[in-house]
Amino acid sequence: MITGELEPVKLPGAMCRAAGLGPGCVSTAAGAYQFIKPTWERVRQTKGARKRLVDFSPTSQDEAAVRLLDEIGATPLIQSGHIGDAIKVASRVWASLPGSRAQQNPKAMQYALDRFAEGLLLYSDNPGLEL
Numbered sequence: 001m002i003t004g005e006l007e008p009v010k011l012p013g014a015m016c017r018a019a020g021l022g023p024g025c026v027s028t029a030a031g032a033y034q035f036i037k038p039t040w041e042r043v044r045q046t047k048g049a050r051k052r053l054v055d056f057s058p059t060s061q062d063e064a065a066v067r068l069l070d071e072i073g074a075t076p077l078i079q080s081g082h083i084g085d086a087i088k089v090a091s092r093v094w095a096s097l098p099g100s101r102a103q104q105n106p107k108a109m110q111y112a113l114d115r116f117a118e119g120l121l122l123y124s125d126n127p128g129l130e131l
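Per this note's numbering, the very first residue in the sequence shown carries number 1; after that it's consecutive.
Think of the hints as simulated: they come from the structure by calculation, not from any bench. Note that CB positions come from ideal geometry on N, CA and C, so glycine has one too. Warning: the hint list may mix true and false statements.
Claimed, not checked - Restricting the straight-line Cα-Cα distance to at most 20 angstroms, the calculated cross-link-like pairs of lysine to any residue (SDA-like) are:
{"no.": "1", "residue 1": "K88", "residue 2": "S60"}
{"no.": "2", "residue 1": "K37", "residue 2": "G119"}
{"no.": "3", "residue 1": "K10", "residue 2": "K47"}
{"no.": "4", "residue 1": "K107", "residue 2": "S80"}
{"no.": "5", "residue 1": "K88", "residue 2": "N105"}
{"no.": "6", "residue 1": "K47", "residue 2": "L68"}
{"no.": "7", "residue 1": "K107", "residue 2": "D125"}
{"no.": "8", "residue 1": "K88", "residue 2": "G119"}
{"no.": "9", "residue 1": "K88", "residue 2": "G99"}
{"no.": "10", "residue 1": "K88", "residue 2": "G73"}
Said to hold, decoys possible - Pair by pair, the computed Cβ-Cβ distance ranges are:
{"no.": "11", "residue 1": "Q110", "residue 2": "T46", "range": "32 to 42 angstroms"}
{"no.": "12", "residue 1": "K10", "residue 2": "R50", "range": "26 to 36 angstroms"}
{"no.": "13", "residue 1": "P38", "residue 2": "T59", "range": "19 to 29 angstroms"}
{"no.": "14", "residue 1": "N105", "residue 2": "T28", "range": "15 to 25 angstroms"}
{"no.": "15", "residue 1": "G20", "residue 2": "G48", "range": "31 to 41 angstroms"}
{"no.": "16", "residue 1": "P23", "residue 2": "L122", "range": "32 to 42 angstroms"}
Given only the sequences and the hints, what does the whole structure look like? Please build it.
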């Protein structure tokens with residue numbers, strides 16, 4: 001098991017206020033995708049042909065992110081090349097994406113599109129990776 005898996009962390013007062021919470025709030029956001037514990041517990045479960053994710057490894061986090069994108073309806077947008085629209089849909093889940101209403105320092109759309117393009121280049125350089 002990867003250490004630091006979804007352990008609650010007390011956040012600074014400014015972050016709590018920005019999220020509409022009181023001082024001393026805590027977050028379980030962890031990993032590359034900043035999953036919160038309830039989301040992680042839901043997407044890691046067995047569903048249909050998908051097996052339960054047994055750890056919090058980078059591979060499991062990637063799979064959980066794909067599952068979450070499927071769940072919120074962003075996958076068809078990505079597959080059809082509507083990346084900006086997919087980012088807008090995903091902003092309901094990921095607070096740092098453009099269009100998020102979480103007031104937690106969302107990035108600009110161009111920044112998000114540039115990161116996607118970089119990831120796509122990484123994928124094309126490693127054809128064994130699965131989307």
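query: Checked against the structure, which of the hints given earlier come out wrong?
result: Hint check: 1, 2, 3, 4 and 7 fail, others pass.
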